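Undergrad: In case you want the letters, here they are:
Number of protein chains: 2
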Amino acid sequence: MPNLNLDALLNPAAIAVVGASPSNSNGVGSRALHQLRRFAGRPIFMVHPRANPDDDPMSVVSVDALPESIDLLIVAVPAAHVVDVIRAGATKGIPAALIFTSGFAEGGAEGAAAQQELREISAQTGMLINGPNTIGFLNLHERLLATFYLPADCELPTPGPVAFVSQSGALATYIDDLARDRGINAGWLVTTGNESVVRLTDVLEYLVERPEVRVLAGTSEGLTDVDAFVRVAAKAAELGKPFVFVKAGSSPAGMTAVMSHTASISGADEVFDAVCQQYGVLRAASLEEALDWVAMLQPGRSAGSGRVALLSGSGGAGVLMADAADAAGLEVLPTPEQDRKVIDELIPSFGSSANPIDMTAQAIASGVESYQRILDAIFASDAFDSVVIASGLRGAQSIDVAHAIAASYASTTKTLAVGWYSLNAESREVLVRAGIPTYPDMSRAVNAVAALRRFEDERSSVTPEPATRVDKARRVRALAILSEADVSTALTEEQSKSLLSLYEIPVVQERGVASVDDAVAMAEQMASYPVVVKVLSAELPHKSDVGGVKVGLADADAVRRAGEEILTAVAQHRPDAVIDGLLVQQMAPPGVELVFGAHRDPVFGPTVTVGLGGVLVEVIAEVALRKAPLTIEQARAAITGLSGGRLVSHARGVDRNQVDELAGVLVRVGDLMVEVDQISEIDINPVIVSAAGPLVADALIVRGTE
Amino acid sequence: MPNLNLDALLNPAAIAVVGASPSNSNGVGSRALHQLRRFAGRPIFMVHPRANPDDDPMSVVSVDALPESIDLLIVAVPAAHVVDVIRAGATKGIPAALIFTSGFAEGGAEGAAAQQELREISAQTGMLINGPNTIGFLNLHERLLATFYLPADCELPTPGPVAFVSQSGALATYIDDLARDRGINAGWLVTTGNESVVRLTDVLEYLVERPEVRVLAGTSEGLTDVDAFVRVAAKAAELGKPFVFVKAGSSPAGMTAVMSHTASISGADEVFDAVCQQYGVLRAASLEEALDWVAMLQPGRSAGSGRVALLSGSGGAGVLMADAADAAGLEVLPTPEQDRKVIDELIPSFGSSANPIDMTAQAIASGVESYQRILDAIFASDAFDSVVIASGLRGAQSIDVAHAIAASYASTTKTLAVGWYSLNAESREVLVRAGIPTYPDMSRAVNAVAALRRFEDERSSVTPEPATRVDKARRVRALAILSEADVSTALTEEQSKSLLSLYEIPVVQERGVASVDDAVAMAEQMASYPVVVKVLSAELPHKSDVGGVKVGLADADAVRRAGEEILTAVAQHRPDAVIDGLLVQQMAPPGVELVFGAHRDPVFGPTVTVGLGGVLVEVIAEVALRKAPLTIEQARAAITGLSGGRLVSHARGVDRNQVDELAGVLVRVGDLMVEVDQISEIDINPVIVSAAGPLVADALIVRGTE
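Residue numbers (the numbering used here), protein chains in the order written: chain A, 1 to 706; chain B, 1 to 706.
Incorrect hints may have been included.
Straight-line Cα separation of at most 25 Å, SDA-like style, residue types lysine to any residue; simulated pairs [to be verified]: (1) K341/B to K414/A; (2) K92/B to A123/B; (3) K341/B to V551/A; (4) K472/A to E456/A; (5) K534/A to G107/B; (6) K414/A to A485/A; (7) K472/A to Q678/A; (8) K235/B to T463/B; (9) K341/A to T463/B; (10) K341/A to A328/A; (11) K341/A to G107/B; (12) K235/B to D177/B; (13) K92/A to A79/A; (14) K543/B to S690/A; (15) K543/B to K341/A; (16) K543/B to L4/A; (17) K543/A to R652/B; (18) K472/B to E504/B; (19) K92/A to T158/A; (20) K543/A to P590/B; (21) K341/B to L4/A; (22) K341/B to T256/A; (23) K341/B to A112/A; (24) K341/B to A109/A; (25) K341/B to A354/B; (26) K235/A to P530/A; (27) K414/B to E504/B; (28) K543/B to P22/A; (29) K543/B to D7/A.
Read the hints as simulated data drawn from the structure, not as lab findings. Computed from a predicted model, the values in this text were never measured in an experiment.
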């Protein structure tokens, strides 16, 4: 699916506002009209029945009376009139509309019906509709303030590289306020409200490729088009643009709230998390954390290989920062000798030039020149990729220190974060103007550098979205196997394994036979001793208990003996049971047991899982989940990430070759789910991994109910 | 060990400052003198060689010249003179000293030697010494500002129920500043600096029992007396006083920094974490988080059973709060019908009275009366124990809303937290005066309520520190077994199992015998078929490979046959090997495998661990660690907490009776470590848990090197 071209909506050449009143300058329409006319530098019309061209030459009495050049119709009329206005605009051929009015799907059945009408008008005419129940957008690079929430006399905010997208208008104003406090320059802020037509993901797809956007950040309560989200994430990774996301409704309580609030379903949170991992999206737990990260990503500098220098005037602060750095995966390496010499000359003997670097309060008090020289020396060191400063200064001295930090930062291309809890407005202004990310807590400053590092690290391993590889011939054969299954939704073990074999997933060979002679012949044919022989009977679920299982049979004689003993024992224990024959089964060599699975999420579509197998491991219940289809690299990352990497690093785990083979299995299980959407669930337990490679011992495939 | 009585140090009747200069009012001594004289209302002397009683009637020229009534000597002279001043004070019988001067153990070998001299003076005279290198303390209930970091003209801070204790002076000023911003009223702020004599834990032990202290919070880089820390934590839990702690140096990088910075060792962070879990200490990851929690704990209200109402003017904010509440273990239950009716009359139809409650921006704009009535209705509901409000208001309206919230809060005893990112100074003042905890982020407000809830929850399950139960007779027998072991530090399997048996830990019976006949006799004597027979030979580490192991032997005949076959097979495979005989071993019934361990931490002393066993489980490597000795309740909590509770809840896990038996084993492994401190390490792998109870199959005990 191609992106929607949102130019008419988000960068319109001419705009008309319906619902701005000549007599009430405080309505949302009037406020938006005011802001647009202050800055936009393009025709902004007003539509109002009492419009008087003598008072306002850019006003008309109806949508019909507008000139042909209008790209965007902004609608702020009462809910009862919205559909008529939109219809008039669509009829006139206006390509886009923005509807501020609320009281649609979020307000009950009647509103939902009206919203459906809007959707239909769009479907018939191609009109792009943002809203209803949206607070509009800012496109600051084009000086467009298509919103009503800013103060009437606000200055035009400085446009920057960050694009924020939010479904909720309230959260958007929260983000905008907070971002401004933090020195984050948003070039874009787009809200999507009820998403009757244009969705959050449409906006993200439009923005991710725009050259002026270098950092993407969004929040949403329900993602309705996860494929589009995957496209955005993959594109952002490809272009090297960090993408920060806060998904509201990640918890059961949150999801319930979303459903009652927006009437939209959200898919399983674990699947969303998997998508973020697969495509390098930085998922933040709160808006505060998201803004902490965006502030760090905005400068576009690098955290290199994560070697961080920690500078403060107190040993205790240094230790706390070192703890935070360690926990977040940054490296706190010792300052090299030659750099220590430079620093030691600038600090008292009871300070420390090791890392963390304790310049002491005394060195700070002794003058700002030495502060800057110390910081210059740290930036100049080859041993560090970034610097985090903790400061608790107040008063007159702090502005001098802020200037020193700003000057040092201007002379380097390395990354800097400042944790300065007592930062006053004047000093903050100095740091913000210099483009330096500041934090009210030193641990948060460290964590933000770690987020940048994580982005850079993951970016290198994010693979593009896999091309959808539907193999039609294979699909036909799969459907044939499915159709053999009787009315029950679960396939038999044999059918399940046939399907897996079709997708080149190695399964234990096995075959039901009618007699002991046939069992011997089948075992010879398999040519893969040792084998297992089991009694085949629907009436004997616990075969071992009745002497119905013999394992480790090394040759034809052993198979014959086992078959005879089984039939005798079963006849003795359960003379009543109907015996269907014998099952001859290849015996998997001993090895590490894993479990694979697949599931179809109602919103996010097919997913696959891989986890450790075995009895106690079920208790531990650790699995990695990924969205299908997936690339071999994504599959490998899922497997090597199990148990904190120990599945691969541990002597009793699996080796690199086995990881590659297992990754192939995971990819192909995903392909099966993608190609055959009649399957709702796959449970493969266990897959036994030995030197001979992975082998599926048991598998169950479930068809969806149609 | 009894607490140190720190009255003379922290609540002295009369004080003398040495090192305040009549001519330099900016020195640290002079600044402290100034603050003490402003507020303390008790005699504060100055000691200075050029003191002139005409200028200052409370000044003397030497320590000798001081009156007998002095309790506390505050020392701010240069490092070279400190020891002499302290000696003079001690000689005079002054019971306590506070040393601001730095340049001791933190500044090299010479300073360390001087610090050792201070310690010796204290040991000889009983003088309590706080410091050197400390910034002193505030005891605001007694109007004592024994410090130099506050501005000369500061007002006397309002004393409150919170006591802060910090080793680092810099972190203490950070805490003090931040606490004041957050409306936290510290009654105490004590720093301990280099801890030559008085340690952080001494101060905590002194403060925890004081009636005016209701919340305890501390931070330290290295805990040198973990037993005292355990006593404080257990006492705090007993008295219902929350205890929040930030341990700097929790990571390898942080620990390295601590060592270079304070030259003190810190114990393994996992052990500290275990102590916090055992004794209900709220361990925060950063100072910001600690202060978030303290602000919530200060009012002394309850979070009840954790049912939280979430109120905002936006659906999106409600969802984000619900996510945070869910993740933090709070309950977001629906508003009951009768309460919804009250709320519905006060909000527009597109709002929501469900929980999260979206009152809408419109309801907020419509007037502050309805705001207060909505909040009153929520507080009045039986369905909620606490309320979290998210607000993004700015401007004139916010102060009215703050007053409405304050009025509603005054009329209830329930808990409230306000997340208000755009809170202005005036509105903040209203909320702070009302005693309401405020947060710059709504998720942080929710998390703080969860911390209160966690404290209340854990308080109920914290057991007092176990009485040390040294059984002297048992200890003598244990030492006898240890002494049998030869020079190697590892005991044999048999010796290890004997020791465990002595502590009533059930071990697999086994005995080495010389011949097949003896093996049969031994098996008959054990009377616990099936048994295992193994070849006994130090030269055959891989017994199975040479046919040296036979399992599942059901009777005497089987044992005889097995013994003969083993000897034949071994003679065939390894004719060269010296055979010591045969091992007859009880065969544990199949069951869940666990691993137990014990270790002696250089700082924290004996610890025990319990985790899941089995091959793949080693890969997963999850263990619970606890400090020994431990109570049966603490042991039970450690076991039931494994794998997120699934070891107990899962069908393939263990049942309640088995948990009790396993908890007993854990307690007794701890007792063994406590009683016999010659043991450095115990490794019990596996313990097999079947219907017959736990049974140790293999064990290894290691003696410490002396």
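Undergrad: The structure should be examined with respect to each hint, and the outcome stated for every one.
TA: Results for each hint:
no. : hint             : result
1   : K341/B to K414/A : 58 Å, violated
2   : K92/B to A123/B  : 15 Å, holds
3   : K341/B to V551/A : 69 Å, violated
4   : K472/A to E456/A : 38 Å, violated
5   : K534/A to G107/B : 77 Å, violated
6   : K414/A to A485/A : 63 Å, violated
7   : K472/A to Q678/A : 15 Å, holds
8   : K235/B to T463/B : 10 Å, holds
9   : K341/A to T463/B : 53 Å, violated
10  : K341/A to A328/A : 29 Å, violated
11  : K341/A to G107/B : 17 Å, holds
12  : K235/B to D177/B : 28 Å, violated
13  : K92/A to A79/A   : 21 Å, holds
14  : K543/B to S690/A : 23 Å, holds
15  : K543/B to K341/A : 60 Å, violated
16  : K543/B to L4/A   : 71 Å, violated
17  : K543/A to R652/B : 21 Å, holds
18  : K472/B to E504/B : 16 Å, holds
19  : K92/A to T158/A  : 35 Å, violated
20  : K543/A to P590/B : 19 Å, holds
21  : K341/B to L4/A   : 44 Å, violated
22  : K341/B to T256/A : 20 Å, holds
23  : K341/B to A112/A : 24 Å, holds
24  : K341/B to A109/A : 20 Å, holds
25  : K341/B to A354/B : 10 Å, holds
26  : K235/A to P530/A : 51 Å, violated
27  : K414/B to E504/B : 49 Å, violated
28  : K543/B to P22/A  : 97 Å, violated
29  : K543/B to D7/A   : 77 Å, violated
Violation of the numbered hints given earlier is confined to hints 1, 3, 4, 5, 6, 9, 10, 12, 15, 16, 19, 21, 26, 27, 28 and 29; the remaining hints are satisfied by the structure.
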